[in-house]
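Could you build all of it, start to finish, from the sequences and the hints given here?
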Amino acid sequence: MEDIHPRVTAPTRWGDAPDNFWLEYPSGLVDLSRTHLNTTVLTDPPPEITPASGLWDVPLDGGRTGRLDPKKSALVIVDMQNFFLHPDIMPHPTGLAAVEPILRVLPTLRAKGVHIIWLNWGLTDTELAQLPPAVRRTFTLLSPLGPKGFGAEMDGNFGRLLMRGERNTDLYPPLRAAYEEGLAQGTDTWVHKNRISGLWGQGGTALDVVLAERGIKTLFFAGVNADQCVNGTMVDASFKGYDCIVIRDTVATTSPDGAIDNVYYNCNLYAGFTTDSEKVASAM
Numbered sequence: 001m002e003d004i005h006p007r008v009t010a011p012t013r014w015g016d017a018p019d020n021f022w023l024e025y026p027s028g029l030v031d032l033s034r035t036h037l038n039t040t041v042l043t044d045p046p047p048e049i050t051p052a053s054g055l056w057d058v059p060l061d062g063g064r065t066g067r068l069d070p071k072k073s074a075l076v077i078v079d080m081q082n083f084f085l086h087p088d089i090m091p092h093p094t095g096l097a098a099v100e101p102i103l104r105v106l107p108t109l110r111a112k113g114v115h116i117i118w119l120n121w122g123l124t125d126t127e128l129a130q131l132p133p134a135v136r137r138t139f140t141l142l143s144p145l146g147p148k149g150f151g152a153e154m155d156g157n158f159g160r161l162l163m164r165g166e167r168n169t170d171l172y173p174p175l176r177a178a179y180e181e182g183l184a185q186g187t188d189t190w191v192h193k194n195r196i197s198g199l200w201g202q203g204g205t206a207l208d209v210v211l212a213e214r215g216i217k218t219l220f221f222a223g224v225n226a227d228q229c230v231n232g233t234m235v236d237a238s239f240k241g242y243d244c245i246v247i248r249d250t251v252a253t254t255s256p257d258g259a260i261d262n263v264y265y266n267c268n269l270y271a272g273f274t275t276d277s278e279k280v281a282s283a284m
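Residues in the sequence shown are numbered from 1 upward in steps of one, following UniProt numbering.
These are computed hints drawn from the structure, not numbers from a lab.
Do not rely on the hints blindly, as some may be mistaken.
In the DMTMM-like style, the derived pairs of lysine to aspartate or glutamate whose C-alpha atoms are separated by at most 25 Å in a straight line are [claimed, not checked]: (1) Lys-148 / Asp-170; (2) Lys-112 / Glu-180; (3) Lys-71 / Glu-278; (4) Lys-112 / Glu-100; (5) Lys-112 / Glu-48; (6) Lys-71 / Asp-236; (7) Lys-112 / Asp-276; (8) Lys-279 / Asp-3; (9) Lys-279 / Glu-181; (10) Lys-112 / Asp-88; (11) Lys-217 / Asp-57.
The structure is reproduced here in structure tokens:
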């Protein structure tokens with residue numbers, strides 16, 4: 001993708017908070033690591049990273065490079081569940097095409113120490129009763145399964161629709177295997193959500209808690225649907241001060257043409273950056 005922002009002509013600090021700022025350089029490097037807490041004079045070219053620093057340079061779209069602290073970074077994989085991907089429930093060819101790129105980036109991210117978060121629909125009965133009318137209306141009237149909204153019993157032994165612990169809310173099998181591998185390694189976490197966004201409101205969602213406990217500042221995004229639950233979570237993350245990086249070939253949508261391009265554009269415009277799975281996987 002083309003770069004939206006012009007290059008800076010001198011090293012520039014963005015953000016005045018002592019613990020939340022970027023350092024950008026004329027070369028296209030943007031340091032998101034927040035490790036230079038006492039920096040008052042920026043040099044150009046920027047300092048080289050060393051193994052002892054623990055930092056990681058990741059190629060981004062537009063010829064830029066993001067310098068990250070992997071231990072302050074997480075990949076948020078949104079809604080790659082049977083309900084959205086299993087062919088016995090609904091067709092989602094572009095969603096299925098995103099499975100392989102997600103599997104491609106996992107070994108590199110885990111090896112670098114990036115946290116892997118599987119953010120999934122999984123309602124309790126209490127949460128079901130609190131869902132907004134607009135969301136219930138859409139999931140009922142526009143469902144490819146007919147008039148079966150949240151909590152309805154599904155055909156094919158898939159359980160109650162988008163309720164916690166049911167077969168339809170389990171991860172799509174190849175990704176379930178990947179999650180279990182990461183769970184055994186201690187790198188992966190499953191987080192339930194109960195809205196389009198996993199970070200809605202003033203704080204206190206399960207994802208809010210996990211990110212705060214681990215000191216996360218930078219979020220990679222993958223999953224479906226790109227312009228709905230992925231974008232909703234990304235927008236809220238941006239508003240809360242997180243860096244956002246969408247891995248383009250790991251997201252997909254069933255929406256009309258142009259919807260996913262708007263996600264890419266707006267992520268680059270105000271939330272952060274985009275990249276692809278090849279760039280991430282090769283950035284060792």
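Structure-inconsistent hints, enumerated in ascending order: Hint 10 contradicted; others consistent.
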